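As a plain string of letters, each chain reads:
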Amino acid sequence: MVDLTQFLDYVLMAMLVAVGIAVIRLRSLFAVAMLTGVYSLLSAAWFVSLDAVDVAFTEAAVGAGISTVLMLAAMLLTARDCAPVRAGRHWAALAVTVVAGAALFYALGDMPAYGDVNSPANSYVGMDYVERTPEEINIPNVVTAVLASYRGFDTMGEVFVVFAAGVGVALLLGLGGGRSREEEL
Amino acid sequence: MTPHVVLRVVAKLLIPMIVVFGFFVHFHGEYSPGGGFQAGVVLGSAIILYALIYGMEAAQKAVPPWWTRIGMALGSMIFAGVGFVTLMLGGNYLDYDVLHPDLSHAAGQHIGIISVEIGVLMTVTSVIIAIFYAFGGRRPDISDEEW
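As they're listed, the protein sequences go chains D and Z.
Start counting the first sequence at 1; every next residue gets the next number (our numbering).
Start counting the second sequence at 1; every next residue gets the next number (our numbering).
Rather than coming from a laboratory, the hints here were simulated on the basis of the structure.
Predicted model, so just to flag it, every value in this text is computed and none were measured.
Mixed in with the good hints, there may be bad ones.
[Unchecked claim] Facing chain D, according to a computed beta carbon distance under 10 Å, are these residues of chain Z, among others:
#: 1; residue: Lys12
#: 2; residue: Val42
#: 3; residue: Gln109
#: 4; residue: Val116
#: 5; residue: Val120
#: 6; residue: Val127
#: 7; residue: Ala130
[Unchecked claim] Pair ranges (Cβ atoms, derived):
#: 8; chain 1: Z; residue 1: Tyr31; chain 2: D; residue 2: Tyr124; range: 33 to 39 Å
#: 9; chain 1: D; residue 1: Ala165; chain 2: Z; residue 2: Ala62; range: 20 to 26 Å
#: 10; chain 1: Z; residue 1: Phe21; chain 2: D; residue 2: Gly20; range: 27 to 33 Å
#: 11; chain 1: D; residue 1: Arg86; chain 2: Z; residue 2: Val5; range: 45 to 51 Å
#: 12; chain 1: D; residue 1: Ser28; chain 2: Z; residue 2: Met17; range: 28 to 34 Å
#: 13; chain 1: D; residue 1: Val85; chain 2: Z; residue 2: Leu13; range: 30 to 36 Å
#: 14; chain 1: D; residue 1: Arg27; chain 2: Z; residue 2: Tyr31; range: 43 to 49 Å
#: 15; chain 1: D; residue 1: Ala165; chain 2: Z; residue 2: Phe84; range: 22 to 28 Å
[Unchecked claim] One side of the interface only, derived from the structure: several residues of chain D facing chain Z at Cβ under 8 Å:
#: 16; residue: Ala33
#: 17; residue: Gly37
#: 18; residue: Ala64
#: 19; residue: Ile66
#: 20; residue: Ile137
#: 21; residue: Val146
#: 22; residue: Ala148
#: 23; residue: Ser149
#: 24; residue: Ala165
#: 25; residue: Val169
#: 26; residue: Gly174
Glycine included, each C-beta is placed from N, C-alpha and C at the ideal position.
Kindly produce the complete structure, drawing on both the sequences and the hints.
Now the structure itself:
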């Protein structure tokens, strides 16, 4: 039987490659910012087809939504076009990409097949969470159970990372609330 | 501002729905995909849309920047605070079972998850809005030629 979702995956990956090449070739920052949003949206669609709905949701909201808006807001503060890069830096970038890509392809052999029941993600502790969530946590969404309860510590760290990002931006740029306070004084 | 009548009308319709959807994603996170992180981003994007259409000043009047400053710290404190509450009730850090005596229905787990998710929601929403204010506030408005 032909698996249709597999072809959908190929189509989405081909579109990702096309958008990636377009991002590299374009010189207009506005178009690049919009295309990175498109890239995120395509990734989100691909994650849905891989049954990773929670990841897809986050990718669509953060990658396609917020990041694009922040890119556009940051773009307003800088020049719209970028100057051509010197040829020497092209070769350096090409070398880095080729080496990293070769390393990834080398590591590909150790990856479990898609949907493999014996893969590390589908055995050991992952299966434990799926089996124990109904009785221990008693909620249908295992992702939420793992995120908020079993791995509550990790999630707390994530929240602190988000907080640190906010504090970092506030330290660098201010929070945009300084003006009104000066007016009050 | 008259050229953007369509945008303003559509945004006025959309923003309440985005906010309701954000809260749905948050409070339905135990049953469907989503949770505090995604809901925070959705709520943040509602404010960002408001700022894009109606201008930064109107948005900062609706959600003052100091709210975001307090919100992101308070959210992190709520999450860490739930951990300390469970410590004081005699459990491990972030062990929600001690929050409620009804163990057969895991009521303590439900209370704990909702509490920490509220912390997540507050921090993520505040940080998203704060970062947008920080970038967008550096120039008064997007001029009409840029649309």
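So, going through the hints one by one against the coordinates:
With a least beta-carbon distance of about 19 Å to chain D, the hint placing Lys12(Z) at the interface is violated under the 10 Å criterion. The criterion of a C-beta within 10 Å of any C-beta in chain D is met by Val42(Z), whose closest approach is roughly 6 Å, and the hint holds. A least Cβ separation of about 5 Å between Gln109(Z) and chain D falls short of the 10 Å threshold, and the interface hint therefore holds. For Val116(Z), the suggested interface contact is upheld, since its CB lies about 6 Å from the closest CB of chain D, less than 10 Å.
Hint on Val120(Z) holds. Least Cβ distance to chain D is approximately 5 Å, under the 10 Å limit. Given the 10 Å rule on beta carbons, the hint for Val127(Z) holds: about 4 Å separates it from the nearest Cβ of chain D. For Ala130(Z), the interface hint holds, the least distance from its beta-carbon to any beta-carbon of chain D being 5 Å, beneath 10 Å. Checked against the hint of 33 to 39 Å, the C-beta distance between Tyr31(Z) and Tyr124(D) comes to roughly 26 Å, which is inconsistent with it.
The given range of 20 to 26 Å is respected by Ala165(D) and Ala62(Z), whose C-beta atoms sit roughly 23 Å from each other. For Phe21(Z) and Gly20(D), the hinted distance range of 27 to 33 Å is satisfied, since their beta carbons lie about 31 Å from each other. The supplied range of 45 to 51 Å is met by Arg86(D) and Val5(Z), whose beta-carbon atoms lie about 48 Å from each other. Between Ser28(D) and Met17(Z) the C-beta distance comes to about 33 Å, which sits within the given range of 28 to 34 Å.
Between Val85(D) and Leu13(Z) the beta carbons are some 45 Å apart, a value that contradicts the proposed interval 30 to 36 Å. Judged by the Cβ atoms, the range 43 to 49 Å given for Arg27(D) and Tyr31(Z) holds: they are separated by roughly 47 Å. The given range of 22 to 28 Å is respected by Ala165(D) and Phe84(Z), whose C-beta atoms sit roughly 24 Å from each other. Taking 8 Å as the C-beta contact cut-off toward chain Z, the hint placing Ala33(D) at the interface is violated, the least distance being around 13 Å.
Using the Cβ-Cβ criterion of 8 Å, the hint placing Gly37(D) at the interface with chain Z is not satisfied: the shortest such distance is roughly 12 Å. Interface restraint check: Ala64(D) against chain Z, minimum CB-CB distance 10 Å, threshold 8 Å, status violated. The interface hint given for Ile66(D) holds, since its Cβ lies 6 Å from the closest Cβ of chain Z, which is under the 8 Å cut-off. With its C-beta approaching chain Z no nearer than about 5 Å, Ile137(D) sits inside the 8 Å limit, and its interface hint holds.
Proximity of Val146(D) to chain Z is violated relative to the hint, the smallest CB-CB distance being about 11 Å (cut-off 8 Å). At about 4 Å, the closest approach between the beta carbon of Ala148(D) and any beta carbon in chain Z falls short of 8 Å, and the interface hint on this residue holds. About 6 Å separates the beta-carbon of Ser149(D) from the nearest beta-carbon of chain Z, less than 8 Å, and the hint is met. Checking Ala165(D) against chain Z by beta carbon gives a least distance of about 6 Å; that is within 8 Å, so the hint holds.
Because the closest C-beta pair between Val169(D) and chain Z is about 5 Å apart, less than 8 Å, the hint holds. The closest approach between the C-beta of Gly174(D) and any C-beta of chain Z is roughly 6 Å, which is under the 8 Å cut-off, so the hint is satisfied.
Hints 1, 8, 13, 16, 17, 18, 21, counting from the list given before, are not met by this structure.
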